[in-house]
Amino acid sequence: MSIDYQQYLSKTAMELKPSGIRKFFDLAASMEDVISLGVGEPDFTTPWNIRDQAIGALQDGYTSYTANAGLLELRQEISKYVKRRFDVEYNAENQVIVTVGASQSLDLAFRAILNPGDEVLIIEPAFVSYASLVSLAGGVPIRIATNSENGFKVTPEQIEAAITDRTKAVLICSPNNPTGTCLNKDELTELADVIKKHDLLVISDEIYAELTYDQAFTSMAAIPGMYERTILINGFSKGFAMTGWRLGFLAAPSELIGLMVKIYQYTTMCAPHMLQRGALEALRNSSEQVEYMRQHYWRRRNFTVQSLNRSGLDCHTPGGAFYVFPSIKRTGLSSEEFAQELLQKERVAVVPGNAFGASGEGYVRCSYATSIEQLQEAMNRIEQFMDSLQK
Amino acid sequence: MKLSNEELNLLAILEENHNVSTESMAMQLAISEDDVKNLIKKLEDEKVIVSYPTLIDWNKIEGKETVVAMIDVKVTPQRSVGFNEVAEQIYRYPEVTSLYLMSGTYDLSATVEGKTMREISLFVSNKLATIENVLSTTTHFMLKKYKHDGVIIEGKDDEDRRMVVSP
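Protein sequences, first through last, are from chains A and B. Using the numbering used here, read the first sequence as starting at 1 and increasing by one per residue. Using the numbering used here, read the second sequence as starting at 392 and increasing by one per residue.
A hint or two may mislead.
Simulated coverage check for chain A against chain B, where a stretch passes if three residues somewhere in it have a Cβ under 8 Å from a Cβ of chain B [unchecked claim]:
hint	region
1	9-15
2	104-116
3	197-209
Per label pair, the in silico range of CB-to-CB distance [said to hold, decoys possible]:
hint	chain 1	residue 1	chain 2	residue 2	range
4	A	317	B	402	52 to 60 Å
5	A	384	B	518	38 to 46 Å
6	B	413	A	384	17 to 25 Å
7	B	489	A	244	38 to 46 Å
Chain A is nowhere near these chain B residues, computed Cβ spacing over 10 Å in every case [as the list claims (entries may be wrong)]:
hint	residue
8	399
9	411
10	415
11	426
12	440
13	518
14	557
If you are wondering where the hints come from, they were derived from the structure by calculation, not from laboratory data. Every residue gets a Cβ at the ideal spot worked out from N, C-alpha and C, and that includes glycine.
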């Protein structure tokens with residue numbers, strides 16, 4: 001008997017937009033000698049002292065569950081770290097959760113605050129998961145488009161215009177994936193004024209907070225009057241080069257955290273114990289390694305921005321993360337055509353900008369989380385590609 | 392000496408690979424090529440940059456295999472010049488590739504390179520041990536080089552295990 005599986009499937013899940021990256025990944029993975037600027041994670045391996053601690057934790061038998069919200073010791077360390085780096089105070093007992101990565105933090109946040117039909121403002125170009133996570137939690141993603149003329153920064157007016165009586169929260173990601181754009185204190189304050197005026201929450205994705213290059217990072221939670229309204233998302237993946245560990249954290253007012261812990265205990269139980277032990281070392285003794293990596297990214301960013309501009313791809317200098325988002329409009333190609341042709345002709349993988357929302361059309365995302373030698377070679381190939389287009 | 396962020400990054404680039412073009416360095420540091428040249432000149436003049444050696448694995452080349460030994464040397468320090476004079480007598484030999492004054496159970500640590508173990512043995516017995524004020528030597532032959540000057544010779548960490556494209 002043949003079964004019609006369609007009848008069993010969730011409509012919400014089926015209606016999710018397929019990731020624009022998937023198709024491209026399959027193509028790039030099937031080719032050889034590809035230099036990939038399509039990778040959204042550090043090229044550095046996790047610093048040895050952190051790995052060593054996790055290995056030690058396994059040897060010492062830390063294989064049990066931990067508290068749902070994570071080891072209290074780690075939450076205390078997170079609390080100290082957030083105070084030290086971003087000048088925001090959270091109580092480790094009831095305001096911090098250790099999660100299985102920032103994506104899960106986002107999922108928890110949306111599940112905890114959204115009722116069916118509630119709207120979340122998402123500023124595009126944006127990380128591919130945001131809108132889908134909102135939909136999965138029963139909410140409605142409302143997209144706000146930004147453009148390169150404005151450095152991909154959203155204006156308070158744009159937010160104001162998108163607010164309805166169903167709006168619950170605004171999601172802000174600074175430094176941004178895919179544009180690398182950073183919002184400074186003044187810009188955050190202007191956005192905060194609108195958010196306070198309309199009594200909204202902010203979900204602040206600060207996963208790239210350790211990677212800023214021109215100005216000190218400001219957390220949304222540090223803006224006056226915003227602490228009470230901010231769900232702060234951060235983690236170990238980017239700054240500490242720990243993507244595969246799947247460890248993040250979330251900090252917010254205790255009234256919100258309580259509900260998130262309730263959801264977390266049913267869906268996940270807790271983050272892996274031995275890895276939480278490794279994360280302790282990351283927060284206690286790794287600031288030098290983090291700085292070492294940041295300096296590398298800084299040099300690569302400078303190099304990449306200048307190279308792209310020279311080869312004719314207009315590119316603003318992003319203040320953070322490890323992405324640049326050059327315009328490919330002058331080639332007359334769409335983002336997908338550009339990425340596909342560049343991959344096929346010159347074997348350089350970049351991600352088409354439209355994977356990050358309609359306003360990303362006309363751009364591609366280049367990650368500079370790769371060695372300077374590889375970057376140099378990639379830039380030579382891009383230059384050749386641009387020359388070939390002009391003929 | 393306090394260095395600027397540009398200077399520190401310049402040193403970091405050169406320490407990894409001194410063969411980088413001035414153009415690339417200028418782009419990485421977001422300064423002009425002339426500025427790069429001036430910075431390098433300044434750092435060379437101040438002996439912050441001492442030399443630009445290349446790490447070569449001679450053992451990969453037929454006929455060029457080398458044997459390396461680390462030799463603990465005990466010496467009698469001399470009035471007014473301490474260890475410096477006997478150190479100079481030792482480091483002048485081209486076979487000696489490095490020499491350090493150490494704290495602990497011996498005084499000088501010498502690295503000696505030769506084509507064969509016999510060649511090194513002869514150097515130690517005929518030349519090093521016979522220097523006046525050298526009291527004793529202990530020779531340790533190096534069996535395998537895992538890491539040299541911060542570079543892991545055959546490491547696994549360098550492999551890129553990431554997926555080609557990820558969000």
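Going through the hints against the structure:
1. 9-15: violated (count 0)
2. 104-116: violated (count 0)
3. 197-209: Violated - the region 197-209 of chain A has 0 residues with a Cβ nearer than 8 Å to chain B, which falls short of three.
4. A:317 x B:402: 52 to 60 Å: For residue 402 of chain B against residue 317 of chain A, whose Cβ atoms are near 24 Å apart, the range 52 to 60 Å is violated.
5. A:384 x B:518: 38 to 46 Å: violated (57 Å)
6. B:413 x A:384: 17 to 25 Å: holds (23 Å)
7. B:489 x A:244: 38 to 46 Å: holds (39 Å)
8. 399: The assertion about residue 399 of chain B is violated, with a minimum of 8 Å to chain A.
9. 411: violated (8 Å)
10. 415: violated (7 Å)
11. 426: holds (13 Å)
12. 440: The claim stands: residue 440 of chain B keeps its Cβ more than 10 Å from every Cβ of chain A (closest is about 18 Å).
13. 518: Holds, since 41 Å exceeds 10 Å.
14. 557: Its Cβ does come within 10 Å of chain A, the nearest being 5 Å, so this is violated.
When the structure is compared with the earlier hints, violations turn up for hints 1, 2, 3, 4, 5, 8, 9, 10 and 14 and for no others.
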